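*Asks:* Sequence:
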Amino acid sequence: MAAPAPAAPLAPATPAAPDPDAPPHEPKLLKQHIDHGFHFTLTCDLEMDLSAPKIKRTEVPLKGVALAGVWSCKVVKEEEDGKERISLHVLHGVLPIGLLGQRVRVSLSLSAVVGDKEYVLNQSSWDRHGAPEVSNTSPPNSYSGFRMVLSDDVIAALEGRSGGHYKVADHRLYRLVFELEQARSSPTSEARELAERIRGNAQELARVQRRPLKKSSPDKDCEDSDEETDRIYFEEPLARLHEHDCDCPLEYKQVTITKSAYTTYRAVLTYLRTGFIPFAPLSSACKPLSSTSTRTRKQRLLEVWYWQDRPLPVSPKSVFRLAHLLELEELQELCLANLRRQLTVEIAPVELVDDASVCFDEWRKVIIDYIFENWDNVEGSEAWKKMQGRIRRDEVPGAAPVMLELMARFATRKDKGAPGASPPPRASLLTK
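Count along the sequence shown from 1, add 2, and you get the number used in this note's numbering.
Hint data in this document are derived by calculation from the structure and do not stem from the laboratory. Just so you know, not all the hints are guaranteed correct.
If you anchor each label on the Cβ, the simulated ranges turn out as follows [said to hold, decoys possible]:
| # | residue 1 | residue 2 | range |
| --- | --- | --- | --- |
| 1 | 30 | 331 | 36 to 46 Å |
| 2 | 384 | 45 | 45 to 55 Å |
| 3 | 271 | 165 | 42 to 52 Å |
| 4 | 51 | 95 | 46 to 56 Å |
| 5 | 376 | 89 | 44 to 54 Å |
| 6 | 153 | 280 | 36 to 46 Å |
| 7 | 81 | 45 | 23 to 33 Å |
| 8 | 164 | 47 | 11 to 21 Å |
All figures in this text were calculated on a predicted structure; none of them were measured in a lab. The beta carbon of each residue, even a glycine, is placed where N, CA and C say it ideally should be.
Given the sequences, and given the hints that come with them, work out the whole structure.
*Replies:* What follows is the structure, given as structure tokens:
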């Protein structure tokens, strides 16, 4: 009897045709992790279906990035060169060319996470260039982020390399890693000069026990708004860096901070490394100094810190004073620009006779310029009338030279015959 014929092999299952009416797949951000340092790493765990026929154009904000810019992650499925491709973007928004560094290495990679293993789908890198780079457009501009493309061929190749562990139709967990590495051999000129200037206040020590946590020196030239910020900062439970329970001696450099609040100095050092510094509102813009504000300065600080997930903002006035002391000219300009944005008819009279205005010519000039240009509104404001009363009661030390400088500014316009409203009589600046 003849042997029975072998059974025919089962035909592979035909994948179901995609439903044209199905809603597009929307990628989701599951987790975000940031490591700061000379080597900055941003890790995003994403839930994505790369096999979906439609993928919704999705942009997810990335919080807590202590670098300049507004950071986000974007996933797009689009047609390119006649083929559909998936592109992933890490965006920082519009920034000046080279603000993140003049010589940096940037890399972007996407991996499929399978259990405790990661299978790299694709990688892109930009080596030793300024970030952001100048674009090839006309006129040239700066790029707003970094982009990596996934093709069907790349996905199919990983399915083969993984030995069947990765199947795009079933897989959903992917890890996007963005790395930015500063060239250690080229610190900014401001950071290098600062290191030289503070060398005399530093001591090389071997640590044999936990470092003492001391408040900064109370010796300051004038009132410091960031002392309130310090109190907020130290009220919160903070992770202590460089604390070890073992007795091994570690070398470290201790710099005694004087004439500045801790949070001010911390923000300035962070700015030197990252180019980013968050400014707080002026005290004169908050209760009780401002009659129009409904919140105190502390309430506004906490709102920014808790709800926007940003570093604790610092006073532009306190930062300007420290930047002046450390001879950081670019940072001084940032503080003055922030002051210009914050000045109003009600704020300018208060700031005109503040300690910072009395002490610093550049700071005072910005305020006098604002009052000069908005005199018709400033003269009738409640803040101006209150300031006049304080001067008459001799409550403002050092106000006389400031008022003389303001009167001289109006006299200069009158002498030159400048067009516009006639300058006020000199007596009206002090009496009304």
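*Asks:* Going through the earlier hints one by one, which of them does the structure break, listed in rising order?
*Replies:* Those not satisfied come down to hint 4.
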